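Enquirer: Sequence:
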Amino acid sequence: MTTPRISAPRWLLSLAAWSVLLVAGLAGASQASAQETGPQIRLRYATFDPLRSTPVVPPELRLPPMQNDETGRFLLQFQGPVRRAWVQAVQATGVVFEEYVPEYAFVVRTTLRQAASLPGRFSFVRWTGAFHPAYKIDPLLAQQQGAGQLIARTETAAEGQALA
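Using the numbering used here, the first residue of the sequence shown is number 1381, and each one after it goes up by one.
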């Protein structure tokens, strides 16, 4: 007894082959596009790839101008998933790590000069930039109008430093 053979028209086989190639191509293109943008910094205020652009911040909510040796708060983003050795190497230069920020970033306390030098000094530091006071504001709070109740989290400033 022989098994009946099922045959499909050639055009149907060609269509199936082209469909597979098209889907594979689209998947590859979207993956390449995601790799081109790099890791995002995800704050409540905004999500951005700092190598492409940073969020617009109103002048009154920007970090005030600093002298090179002034200490302030900055964002530091690593190239990829954070490694303990990377954190330790940066800490050894006097940088203080305060809190983690997705993806691969931290709020750090250091001088302007030190923050600016880190990406050139360590290949695993992708970017450093100002941690503007605006970055701490939830957009929903900024939209509120009128009186309301808030719970505020305070931070301690380094000796002789003002809080932003």
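None of these hints come from the bench; they were simulated from the model.
All figures in this text were calculated on a predicted structure; none of them were measured in a lab.
Note that the Cβ used here is the ideal one computed from N, Cα and C, for glycine as well.
One thing to keep in mind: the hints can contain errors.
[Said to hold, decoys possible] Computed Cβ-Cβ distance ranges for the label pairs, DEER-style: (1) Q1524 <-> A1469: 34 to 44 Å; (2) G1526 <-> L1431: 35 to 45 Å; (3) T1534 <-> E1450: 20 to 30 Å; (4) G1500 <-> G1526: 19 to 29 Å; (5) S1497 <-> V1436: 36 to 46 Å; (6) E1450 <-> F1428: 19 to 29 Å; (7) Q1468 <-> R1432: 41 to 51 Å; (8) A1465 <-> G1528: 41 to 51 Å; (9) P1445 <-> Q1524: 41 to 51 Å; (10) P1439 <-> G1526: 42 to 52 Å; (11) L1530 <-> V1436: 43 to 53 Å.
Enquirer: Run every hint past the structure and note whether it holds.
Expert: Here is what the structure says about each hint:
no., hint, result
1, Q1524 <-> A1469: 34 to 44 Å, "holds, 42 Å"
2, G1526 <-> L1431: 35 to 45 Å, "holds, 40 Å"
3, T1534 <-> E1450: 20 to 30 Å, "holds, 21 Å"
4, G1500 <-> G1526: 19 to 29 Å, "violated, 48 Å"
5, S1497 <-> V1436: 36 to 46 Å, "violated, 26 Å"
6, E1450 <-> F1428: 19 to 29 Å, "holds, 25 Å"
7, Q1468 <-> R1432: 41 to 51 Å, "violated, 29 Å"
8, A1465 <-> G1528: 41 to 51 Å, "holds, 46 Å"
9, P1445 <-> Q1524: 41 to 51 Å, "violated, 30 Å"
10, P1439 <-> G1526: 42 to 52 Å, "violated, 24 Å"
11, L1530 <-> V1436: 43 to 53 Å, "violated, 24 Å"
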